[in-house]
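K.L.:
Sequence:
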Amino acid sequence: MAKGYAQGQQRRMVQMPVNPLAIKTKKYALDKNKFITLNMSQMVKNQWYWGFVPLGLIAVNAVLNITGIYHNYWIYVLTLIGAIGYVAFWAIQFTGVTQLDQYKQLFEKYRYEIDSRQILMKITDEQGGVIKWDMIKTARKEKEAYVLDLGQYQFIYLPFSIFSNDNDKKLMDKILRDKGFIS
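Under full-length UniProt numbering, the first residue of the sequence shown is numbered 1, with each subsequent residue one higher.
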């Protein structure tokens, strides 16, 4: 077994010829707190409707208490504990990912080369990976970054600060518009 594979390092890249018009970014490592924050916000966006369960339980119990049919104050406490426990469970899951060795590569410094064919994520000129645009599910432009979603709770976060100039940001906007991700 090769030394690089035994230590869990990236393989050598097989890439298409470099496009001279490709966007070349500065090196950037995703902050662990930013990873947790983005995943928690995605979890809330995907599962917001589950918030109606504790609200429904509280409403039913309030009606039962007001009408005098059944007096129970514990349901308020248990519903609140359950809701907080559910959110805490997901926060612990996302925090745990940041601590595991097998996910260490998510937080390494990468230099990106982006063109209309692919996204090259490079640790060095020999190590890194290729992401084709068809692997990107959705993309959005936020206040301070581009977020490219690869799947549930998997994304590429590209803050504006890693782009060399405004022309690179405009080209990134054009690529995302041409791919149909933003309007």
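Read the hints as simulated data drawn from the structure, not as lab findings. Quantities reported herein were computed from a predicted structural model and do not represent experimental measurements. Heads up, some of the hints might be wrong.
To be verified - Derived EDC-like pairs (lysine to aspartate or glutamate); straight-line CA-CA distance at most 16 Å:
hint	residue 1	residue 2
1	Lys26	Asp125
2	Lys34	Asp134
3	Lys34	Glu108
4	Lys132	Asp149
5	Lys169	Asp134
6	Lys24	Asp149
To be verified - Pairwise CB distance ranges (calculated):
hint	residue 1	residue 2	range
7	Arg117	Val77	23 to 29 Å
8	Tyr70	Asp101	28 to 34 Å
9	Asn72	Lys27	55 to 61 Å
10	Tyr103	Val63	42 to 48 Å
Every residue gets a Cβ at the ideal spot worked out from N, C-alpha and C, and that includes glycine.
K.L.:
Now tell me, hint by hint, if it's right for this structure.
P.N.:
Evaluated hints:
1. Lys26 <-> Asp125: 13 Å, holds
2. Lys34 <-> Asp134: This hinted pair is violated, its Cα atoms lying about 25 Å apart.
3. Lys34 <-> Glu108: Satisfied, since the Cα-Cα distance of roughly 14 Å is no more than 16 Å.
4. Lys132 <-> Asp149: 12 Å, holds
5. Lys169 <-> Asp134: 21 Å, violated
6. Lys24 <-> Asp149: Judged against 16 Å, a Cα distance of about 20 Å means the pair is violated.
7. Arg117 <-> Val77: 23 to 29 Å: 56 Å, violated
8. Tyr70 <-> Asp101: 28 to 34 Å: 52 Å, violated
9. Asn72 <-> Lys27: 55 to 61 Å: 57 Å, holds
10. Tyr103 <-> Val63: 42 to 48 Å: Holds - the Cβ-Cβ distance for Tyr103 and Val63, about 46 Å, lies within 42 to 48 Å.
Hints 2, 5, 6, 7, 8, counting from the list given before, are not met by this structure.
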